[in-house]
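Number of protein chains: 2
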Amino acid sequence: MTQPKRITPRTLKGFRDYPPEAMIPRERLIDTARRVYRSYGFSPIDTPALEYLEILAGKGGEETDKQLYKFQDHGNRWVGLRFDLTVPFARFAAQHINQLGTPLKRYHIATVWRGENTQRGRYREFMQCDFDTIGTRSVAADIETALVIHDLFRAIGFDRFTIRVNNRMVLTGLLERLELADRAAAILRALDKLAKIGPDRVAEEMQATANCTSDQAQAVLELAHISGTNDDVLRQLDPLVAGSETGTAGVARLAELLQGIKAAGVGEERVRIDVAIARGLDYYTGTVFETYLDALPDIGSVCSGGRYDNLAELYTNQELPGIGASLGLDRLLAAMEELGMIEKVATPAPVFIPYFDKDRLDDYLKLAAAVRAAGIGVELFPDPKRLGQQLKYADRRGFRIALIAGENEFNAGTCQLKDLSTGTKQDIPLEPDAASIIAVVKGVLREP
Amino acid sequence: MTQPKRITPRTLKGFRDYPPEAMIPRERLIDTARRVYRSYGFSPIDTPALEYLEILAGKGGEETDKQLYKFQDHGNRWVGLRFDLTVPFARFAAQHINQLGTPLKRYHIATVWRGENTQRGRYREFMQCDFDTIGTRSVAADIETALVIHDLFRAIGFDRFTIRVNNRMVLTGLLERLELADRAAAILRALDKLAKIGPDRVAEEMQATANCTSDQAQAVLELAHISGTNDDVLRQLDPLVAGSETGTAGVARLAELLQGIKAAGVGEERVRIDVAIARGLDYYTGTVFETYLDALPDIGSVCSGGRYDNLAELYTNQELPGIGASLGLDRLLAAMEELGMIEKVATPAPVFIPYFDKDRLDDYLKLAAAVRAAGIGVELFPDPKRLGQQLKYADRRGFRIALIAGENEFNAGTCQLKDLSTGTKQDIPLEPDAASIIAVVKGVLREP
Chain F
32 MTQPKRITPR TLKGFRDYPP EAMIPRERLI DTARRVYRSY GFSPIDTPAL EYLEILAGKG
92 GEETDKQLYK FQDHGNRWVG LRFDLTVPFA RFAAQHINQL GTPLKRYHIA TVWRGENTQR
152 GRYREFMQCD FDTIGTRSVA ADIETALVIH DLFRAIGFDR FTIRVNNRMV LTGLLERLEL
212 ADRAAAILRA LDKLAKIGPD RVAEEMQATA NCTSDQAQAV LELAHISGTN DDVLRQLDPL
272 VAGSETGTAG VARLAELLQG IKAAGVGEER VRIDVAIARG LDYYTGTVFE TYLDALPDIG
332 SVCSGGRYDN LAELYTNQEL PGIGASLGLD RLLAAMEELG MIEKVATPAP VFIPYFDKDR
392 LDDYLKLAAA VRAAGIGVEL FPDPKRLGQQ LKYADRRGFR IALIAGENEF NAGTCQLKDL
452 STGTKQDIPL EPDAASIIAV VKGVLREP
Chain A
32 MTQPKRITPR TLKGFRDYPP EAMIPRERLI DTARRVYRSY GFSPIDTPAL EYLEILAGKG
92 GEETDKQLYK FQDHGNRWVG LRFDLTVPFA RFAAQHINQL GTPLKRYHIA TVWRGENTQR
152 GRYREFMQCD FDTIGTRSVA ADIETALVIH DLFRAIGFDR FTIRVNNRMV LTGLLERLEL
212 ADRAAAILRA LDKLAKIGPD RVAEEMQATA NCTSDQAQAV LELAHISGTN DDVLRQLDPL
272 VAGSETGTAG VARLAELLQG IKAAGVGEER VRIDVAIARG LDYYTGTVFE TYLDALPDIG
332 SVCSGGRYDN LAELYTNQEL PGIGASLGLD RLLAAMEELG MIEKVATPAP VFIPYFDKDR
392 LDDYLKLAAA VRAAGIGVEL FPDPKRLGQQ LKYADRRGFR IALIAGENEF NAGTCQLKDL
452 STGTKQDIPL EPDAASIIAV VKGVLREP
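The listed protein sequences derive, respectively, from chains F and A.
In terms of our numbering, the first sequence opens at residue 32 and continues consecutively.
In terms of our numbering, the second sequence opens at residue 32 and continues consecutively.
If you're looking for bench data, these hints aren't it; they were derived computationally from the structure.
The reader is advised that the hints may include incorrect statements.
Distance windows between CB atoms, simulated [what the hints assert, rightly or not]:
id : chain 1 : residue 1 : chain 2 : residue 2 : range
1  : A       : 59        : F       : 365       : 26 to 32 Å
2  : F       : 462       : A       : 149       : 52 to 58 Å
3  : A       : 84        : F       : 92        : 36 to 42 Å
4  : F       : 226       : A       : 148       : 26 to 32 Å
5  : F       : 61        : A       : 361       : 42 to 48 Å
C-beta atoms are modelled at their ideal positions from N, C-alpha and C, and glycine is treated no differently.
Make the full structure from the sequences, and use the hints.
As structure tokens, this is what we get:
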């Protein structure tokens, strides 16, 4: 007989398999995000992975265009795989908003694709986790966006994180006052590097690329010297934007944002004004957010977003102002891993039943069904192999408890409960409804 | 000013947007499937949407090959979008099984793509929802697969459904006995049409395509006359497979399967032997399942699967026998819609707070935070528009309760709770922790 020709099993560069140990924490994090989004009335939507190329091309800049996975489909239509969830949401909103009505609060958790340079440690397939409120300019939506971010990080298990907020109108106002409004792009590009290269080199770059004077550069950099409590910062911003309507409105909006966040019970230490945050140059027009983990600030923002004036102008003449943010799922999971916040398990069920006595399958099935009916996940090993081998499997998978019964136990009407993390064992009466076993299992699972 | 050039917002033929009203029941169904799979110890995995073309091509037959979305990526590699979750699982298992160990129980809920002919009402992008146990030949895994299907349909909310089971070895045994083993494919293809075209035309087709005698055709069709309880059916099968080792083993395996399912507490009316089920010609080798809704049998099976001898032989020389099934998500959702099992809501939050008094945003934020802290989803309308307009929005979205407070209520220290499904209103004390409001809200939400 000839051997069948085998194909080497492998994944494409930049693409990942998620085995159980990686997927269980991912699913948990996504569940948490959904629960928090839903608790504020954000509804799930989904859109196709493939869109007409004309919907996607040219919407994310030159770099994104290069990275776009595009091809001709069976009908010779040019199509592309979505590279983010914002462009599909803009298309979706333009198409359906008249039927759905405003405000529209949606979350969208889905995969996107970019033919990135993998040498930078980037993946070509990753998940985005966005929420947005469109159809309103109210500061209530800005406040709520911050509250969602706050509740989300608390729900994930973080006590110490900082939501940095700013308002693009403050920067615009300052530049207006300095008569630099026409050079905003170059100046903000330089300012964004403040944390990296320091104030002197930022000033040099501003003079070189925005053609501004040393005094103007220093005036912009006064932003970097602003510090203190949020109230202190607001007071120091007032003179910097004096005379600019936009700037004054921006500072007032920041004050309203902070007041609302405080009213909802969020401590001031969780939300700080950071006047250097600009978050890109064109898209955001009002409130902007970044979120940093206090224990790992250097990994960058793990949840960012802001307010925009018009989501879908490429697809509709209906003006759709809104605000939203996006959770950086991969970056956050890497951080949680580094901080020891991720339990290493490869099973979602806590209880393991070895198939010990080969003639007792019915009894094992009954026991498993009874424990499962109490809402506790149970895996029954399928083959009557050696007990040691089965328990080794249970250890490797990360089960918490084994319920062991062989001929001796069945004859005595008991079952041995083994706590697989401590190794302690106890014999428990084996009743038809497994009531005693369930009570002890619940007790062990409640232990930290 | 010139109008910007607008792009028509549209989706590709065969692709769908899921607005909140469609997505909320989808998410609920997927959650239920995950919960049930997990309760048996099945773990989530995920694999890339894009695979090397050589992994996918030629694995699903000629039709599937034609439907494959394939193209050359940025590195000129030929790649394809997965058309099912079985081929990627086979590739995944071949690649990782040595590290993960057996048995491996996984579920995979993910999108697949096929360039189908949309005139048949098919979609080109849809979700599959599979679970499998590999690395064991034990009947315990077959029993468990049936139990998972049973628990899944109960958890979704169905009381009346039928899991039809068969074993391919019974058919093989019967054909061996009739000396038709070499013509199995043609005979099973004809037999699969029994429900559609009736026994006479099936017999004709068997004689024409499998070149069998009229007596042989009638002997095969005796399968169609078998009826009664599962025990009756087993008794009638015995003589049909007498003398065939495979057939006898198949009948014995069916008996073990049914005994285990019964031991786990599942009523006989939920699981019936149906000796005419073959489920495709090549892939399945043992137990096979189909699941029918008693109220809508004509829509076909909504959850199907079976046992196979070797999952990943194209990618590894390690033999991986297993068993699994797949939930037909779209078909099931359509059935639930038809049966009135899907609530029409476009919000995942039950409570709506209108922004009534424009100077009281802080108070609304406090109230929303207090109710939310009790685990109840709350949406606060972002703009202080007319109350009637806000309540109309709440009705359209499908909120259950509105908490209405204006100047009068705030001065009186109360809040009006309006049950949006009945229209009844009551005034409740507005305490700082909203304890009375939360108690009443919980009461209303518990009502059917």
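Verification of the hints:
Separated by about 31 Å at the C-beta atoms, residue 59 of chain A and residue 365 of chain F satisfy the suggested range of 26 to 32 Å. Against the hinted window of 52 to 58 Å, the Cβ-Cβ separation of residue 462 of chain F and residue 149 of chain A comes to about 56 Å, which satisfies the hint. At roughly 30 Å, the beta carbons of residue 84 of chain A and residue 92 of chain F sit outside the given window of 36 to 42 Å. A C-beta distance of roughly 55 Å is found between residue 226 of chain F and residue 148 of chain A, which places it outside the suggested range of 26 to 32 Å.
Judged by the Cβ atoms, the range 42 to 48 Å given for residue 61 of chain F and residue 361 of chain A is violated: they are separated by roughly 22 Å.
Taken one by one, the earlier hints fail for this structure at numbers 3, 4 and 5, listed in ascending order.
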